[in-house]
Amino acid sequence: MANHSAAVGRRSPALTWGLRILVVGYLLMLVLWPSWYVVQHTFADGLTGIQTALQDPDVQHALLLTAQVSVLAVLINLVFGVGVSLLLVRYDFPGRRALSALIDLPLSVSPVVVGLALVLVYNGRYGWFGPWLEAHGIQIIFSWPGMVMATCFVALPLIVREVVPVLEELGDDQEQAARSLGASGWQTFSRITVPGIRWAIVYGVVLSLARSLGEFGAVKVVAGNVAGETQTATVLVQQKYQNFEQTTAYSVSFLLAFAAVLCLIVVALLRPKASKESP
Amino acid sequence: MIWFSVLVLIPLAAIVVKASGGGWHTYADTFSNSQTLDAIKLTVGTSLLVTALNMVMGTIIAWVLVRDRFPGKALLDLVIDIPFALPTIVAGLVLLSLYGADSPLGLHFANTRSAVFLAIAFVTLPFVVRTVQPVLEEMETDVEDAAASLGASRAVTFRRIVLPTLVPAIFAGASLSFARGISEYGSLVLLSGNLPHHTEVTSVRVMSYLEGGNTAAAASVATILLVVALLAIVALDVIARRVARRDGRDG
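Chains as they are written, first to last, in the working numbering: chain A, 30 to 308; chain B, 5 to 255.
Be aware that a few hints might be false.
[To be verified] In silico contact screen, one side only, chain A against chain B (beta carbon under 8 angstroms); selected entries:
id, residue
1, T45
2, L48
3, Y55
4, L61
5, V150
6, L196
7, L199
8, T263
9, T276
Think of the hints as simulated: they come from the structure by calculation, not from any bench.
All of these numbers come straight from a predicted model, not from anything done at the bench.
Yeah, the Cβ is synthetic: ideal placement off N, Cα and C, and Gly gets one too.
All chains, please: the whole structure from these sequences, using the hints.
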């Protein structure tokens with residue numbers, strides 16, 4: 030680190046300050062100021078705005094639904110994400126690289142396209158599996174299973190991307206040692222593997238939660254957007270804004286943004302701890 | 005694996021099948037619709053511009069975050085992630101509040117193409133920063149010091165030593181940012197006004213086809229989006245490799 034500071038010290042102060050101001054200014058204009066403005070809007074007349082918004086049954090229902098769908102989707106992704114990560118790192122099988130590339134796909138697919146894809150397959154009238162499922166009493170599109178699936182799809186890569194590098198770094202020495210000492214597969218997993226990737230999992234879960242809470246496009250297509258039934262908080266924001274109930278829109282936005290920032294702060298606080306524990 | 009197929013692979017396959025169900029006819033129809041064509045042009049063009057901006061700004065931001073020290077840096081680091089974690093619809097609202105009709109700055113970007121640019125720049129901000137940052141952190145300053153002590157100017161050191169190391173990361177971030185840019189939906193709904201031929205982006209087009217019940221057309225536009233995203237990722241990967249190889253020969 031000594032030569033690091035030496036290198037920094039030798040740089041011309043003009044350049045350093047120029048870059049600093051450029052970066053801070055860019056972020057200020059693009060992110061900070063607009064975000065601050067929403068906070069101002071929300072609390073323009075004290076807490077009344079938020080209180081009125083929270084008394085609206087549609088808002089209550091939307092927030093509750095968003096929370097339920099997100100938690101469910103995160104739980105599913107947790108199980109699946111850890112499973113896939115183990116599969117990708119610990120086992121060699123044909124198609125492994127393809128799977129690894131495909132896992133990242135949801136990050137680059139438009140949420141609207143995700144919704145469309147799910148509708149095409151699970152739609153009750155003309156989807157591939159929809160009619161069959163409907164005949165067995167399971168409705169996916171325009172109902173909560175579809176919303177959970179859409180959310181899962183979108184947040185899918187987040188946990189895998191966090192866990193895979195940590196698993197790779199850990200290596201499987203300890204797992205082999207545990208197994209050779211007679212531990213069962215499950216014991217090895219819960220005593221050796223999980224503690225090693227604990228922080229990666231927590232980080233991935235928090236990120237997925239933030240992403241799931243805020244999912245808009247995919248859920249909008251899949252949910253059918255019935256106020257008080259399948260309307261999530263993000264869709265509600267759009268609707269309220271377009272109906273000129275701006276205070277409600279800003280209040281719900283603020284709550285969502287607050288949750289997102291809270292997730293980020295949790296992650297930021299966890300990060301140093303994680304790197305200290307596994308140097 | 006089954007869950008993955010049920011969730012991701014089969015639905016995506018369904019899009020392609022649905023779109024090609026009508027043969028080339030569906031694509032031809034979709035493409036000859038000038039509104040759709042304009043939407044695609046706007047989306048791809050703006051995303052390219054934003055990606056170029058991100059490659060420059062992202063690298064600078066990552067540089068400042070890694071090499072510079074000043075009070076409030078940790079906060080800045082946190083701010084980078086906000087666009088990623090913020091619900092896209094809220095992002096749209098956030099930008100609308102500052103650059104919209106009652107803007108305190110007197111900037112009226114709402115319902116213009118600048119709004120599209122702004123929204124895409126907002127949501128894709130973290131990608132290049134977050135891919136370049138770890139590489140820059142790993143990089144030792146020894147080589148730079150050596151270059152400088154041998155009389156290389158700062159510009160030369162940056163171009164010959166720092167940049168080649170960062171190029172793969174920059175391009176990786178750029179491809180993510182481009183893919184995200186062309187697929188952006190939530191933040192644009194409120195901000196861009198969705199004026200046909202002017203500020204309507206592709207995702208909004210897909211949505212309106214879908215709401216109009218024309219799933220075949222929606223699927224064909226969606227396929228085009230998927231193909232463009234894929235092409236961009238492959239192209240950027242190829243460029244990154246070529247640049248890396250050329251620098252390898254130079255050095």
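Which of the numbered hints are not met once you compare them with the structure shown?
Hint check: 6, 7 and 9 fail, others pass.
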